[in-house]
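Those sequence lines, one after another, are chains X and U. Here my numbering is used: the first residue of the first sequence is 20, the next is one more, and so on. Here my numbering is used: the first residue of the second sequence is 20, the next is one more, and so on.
Do not take every clue at face value.
Each pair may be met inside one copy or between any two copies, as identical chains are not told apart.
As a list, the in silico DSSO-like pairs of lysine-lysine whose alpha-carbon atoms are at most 27 Å apart [what the hints assert, rightly or not]:
| # | residue 1 | residue 2 |
| --- | --- | --- |
| 1 | Lys78 | Lys175 |
| 2 | Lys65 | Lys171 |
| 3 | Lys22 | Lys78 |
| 4 | Lys175 | Lys65 |
| 5 | Lys22 | Lys65 |
| 6 | Lys65 | Lys78 |
No lab work stands behind these hints, which were simulated from the structure alone.
Number of protein chains: 2
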Amino acid sequence: MAKNVEFFFDVVSPTAYVAHKRLPAIAAATGATVRYRPMLLGGVMKATGNAPPFSVPAKGAYFGVDLNRYIQKHAVPFTMNPHFPINSLSLMRAAAGLEGAPHFAEFVDAMFDAMWLEPRNMGDAATAAAAMREAGLDADAILAVAESQEAKDRLKATTEEAVSRGAFGAPTFFVGDEMFFGQDRLDWVEEALR
Amino acid sequence: MAKNVEFFFDVVSPTAYVAHKRLPAIAAATGATVRYRPMLLGGVMKATGNAPPFSVPAKGAYFGVDLNRYIQKHAVPFTMNPHFPINSLSLMRAAAGLEGAPHFAEFVDAMFDAMWLEPRNMGDAATAAAAMREAGLDADAILAVAESQEAKDRLKATTEEAVSRGAFGAPTFFVGDEMFFGQDRLDWVEEALR
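With the hints as extra help, turn the sequences into a complete structure.
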């Protein structure tokens, strides 16, 4: 039986974006499937008492330098998003509500690109809707999904599951019970999948 | 001209210990020299507003799991020190005072081992002195060095230099102006040295 990797993500995270871009090659090389698990990074931070690297200026500065090294190494197209802070709650509710739906992968891919490639002010509802429409998605239907109780409940449940399994940030990967944090641990994820 | 890597360390850091054990192979493979730069990790944390991983329980738990993966991969002998918190001020003052002296490398190596291999309560002066003596070092002379104004000033200056160059934790490496944080970035350090 082929292994699978669970990818707990929030589109607001640039390192989750880089992981999203690197995962297809790892899946292809190992025959593994990737299960996308939408969670709310802000919820994980709040529940664990963690804080983003930018809360320490020197760490935030190095974060950018370090991320750029990986971006160059793996030839990941990337543009730092100048519109921060961005609230990803609505987008991640939509992602949670679309899990299992036909356009889930397309939606996630489009939102990651709108956040870290184009990059747009995705906390703004009209900007986000435009990004969805330009990606050929039904923005009105997706925003309705985001407002559904089911989507809200599922995002909350997945976020709580991530925390209960040990997550404290994004991206977080699980191969079985083995947890890996950060796009810089994808070599370890690949090894665990072999 | 062969390149060199500056290794800013505090013996209180387990990841600095792992770096200390891995650096000789990297130096041998690249022909580089390693310059040991004693700094006070607590001073770096205070100056930058950073906090150790253990300040977030989930992060602290993962820190141990993650470190163990690298220890296994690189076959580094290691025992988690049960005596924390340990105050490394006196040891690092001694290290700073011994820079350039004949027994500097021997002292640093013995203190790292006493902290993360044996492991001892190295914040206790008598325990630390015993570890020095068992390593064939003149503990009384070293403790006198630690109390010298020159050693205090040098440790403070190196710590401030590290912070001014962007450091926010240990281990921190510089290859020229390029900074790398963490033993998990040693592959990047090796690449920078080639």
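Do the hints match the structure? See the list:
1. Lys78 <-> Lys175: The answer is between: 21 Å across copies meets 27 Å, while 29 Å in one copy does not.
2. Lys65 <-> Lys171: within (17 Å within a copy, 40 Å between copies)
3. Lys22 <-> Lys78: Answer is between; shortest inter-copy Cα gap is 26 Å, intra-copy 35 Å.
4. Lys175 <-> Lys65: Within. Shortest intra-copy distance 13 Å satisfies the 27 Å Cα cut-off; inter-copy 35 Å does not.
5. Lys22 <-> Lys65: neither (31 Å within a copy, 44 Å between copies)
6. Lys65 <-> Lys78: both (19 Å within a copy, 13 Å between copies)
In the structure shown, a violation is registered for the earlier hint numbered 5 alone.
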